[in-house]
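Q: Letter by letter, the chains look like this.
2 protein chains.
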Amino acid sequence: MENKSISDVIEAYLKEILGNSAQIEIRRSEIANHFDVVPSQINYVIKTRFTIQNGYLVKSKRGGGGYIRIERVNLLDNVDVLNSLIQAIGDSIRERDAFAIVQTLYDEKVITRREGDLMLVALSKQTLDVGNTTVEAQLRARVLASLLNRLRYES
Amino acid sequence: MENKSISDVIEAYLKEILGNSAQIEIRRSEIANHFDVVPSQINYVIKTRFTIQNGYLVKSKRGGGGYIRIERVNLLDNVDVLNSLIQAIGDSIRERDAFAIVQTLYDEKVITRREGDLMLVALSKQTLDVGNTTVEAQLRARVLASLLNRLRYES
DNA sequence: CATTTACTGACTAATCTTGACCATTATTTT
DNA sequence: AAAATAATGGTCAAGATTAGTCAGTAAATG
Chain A
33 MENKSISDVI EAYLKEILGN SAQIEIRRSE IANHFDVVPS QINYVIKTRF
83 TIQNGYLVKS KRGGGGYIRI ERVNLLDNVD VLNSLIQAIG DSIRERDAFA
133 IVQTLYDEKV ITRREGDLML VALSKQTLDV GNTTVEAQLR ARVLASLLNR
183 LRYES
Chain B
33 MENKSISDVI EAYLKEILGN SAQIEIRRSE IANHFDVVPS QINYVIKTRF
83 TIQNGYLVKS KRGGGGYIRI ERVNLLDNVD VLNSLIQAIG DSIRERDAFA
133 IVQTLYDEKV ITRREGDLML VALSKQTLDV GNTTVEAQLR ARVLASLLNR
183 LRYES
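Respectively, the protein sequence lines represent chains A and B.
Residues in the first sequence are numbered consecutively from 33, following our numbering.
Residues in the second sequence are numbered consecutively from 33, following our numbering.
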């Protein structure tokens, strides 16, 4: 149970201070210093755990007074968010990214646990493996897009 | 059946620490070290004794903070219906027949209306069209089989 | 003796961590 | 102003740290 990497800890910390707020602004160096890691690790945590697929938008500014802003967003509600999500999917998507999207939909209570589980198997590598990873990723993008559109126009 | 192999011992050990918990997380190298076997033997034990048929789901992560998670799941009652439907699929199925199976699932109250709708889009000609009718039908069979298998248990 | 099951280890894959170097913006100096 | 300097965050590749695969060998079983 105590198998957390420092990246996991930082992720939890950021989500903790995010709390119910719509967004937070951090200083990369401060967080890095707080956990005694190199600053670029903060980029790693953000890049792997606060993606649009996970339901987060991240903006930053360099230079004096610079910051990193993390914003939690709803995937299907907001047109801009949906557009960036669709763009992120494109005509090809990896299993990991597709799974993150389903997880986010569940977290947002857009889908039930069971619906999410069914979506996951339909998008899984095991199911979609056709001996060609490129084709597989393309198929996954189409399946996911179909599912999202169904959810979008349903209710 | 008299002499227990080390794999049997490891199996018993894992089930012991699983106890009443819904799931456990282990480090492959730790268990391997504990029983003085090569790490890959842990994979062997898991692959042969902690299958979904036995009521276990296994998930893992590599790299720093990596782990192997073993979760006990509940196998459901509808197994009869599902088994016969899986039989009927074969390795290829037309959209019409797939839709009929989904309808049956709904009629038998194995799935909800919404779950059925999601399954239908994932199985539709529009979603699975890859320019080759044969491949498309094979793909549909795999997606449907995966969905049905997923319905056999809940986590 | 034949077949199935168990075990091993070399190789592969995924994820995390670090640091050198780059880019941008604000502030100070000339 | 323009130029220099300071103060941020970004990128990328190498190395570290896990787990996965697979084929070959050994052991157990019938």
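In case anyone wonders, no lab produced these hints; they're calculated from the structure.
Treat the hints with care, since some could be wrong.
Each pair may be met inside one copy or between any two copies, as identical chains are not told apart.
[Said to hold, decoys possible] Within a straight-line C-alpha distance of at most 20 Å, the following computed EDC-like cross-link-like pairs (lysine to aspartate or glutamate) qualify: (1) LYS79 with ASP40; (2) LYS141 with ASP40; (3) LYS93 with ASP129; (4) LYS93 with ASP40; (5) LYS91 with GLU103; (6) LYS47 with ASP123; (7) LYS47 with ASP149; (8) LYS157 with ASP123; (9) LYS47 with ASP112; (10) LYS79 with GLU103; (11) LYS157 with GLU168; (12) LYS36 with GLU57; (13) LYS36 with GLU140; (14) LYS157 with ASP112; (15) LYS91 with GLU127; (16) LYS93 with GLU127; (17) LYS36 with ASP123; (18) LYS91 with ASP161.
Q: Honestly, which of those hints from before does the structure not fit?
A: Structure breaks hints 2, 6, 7, 9, 13, 14, 17.
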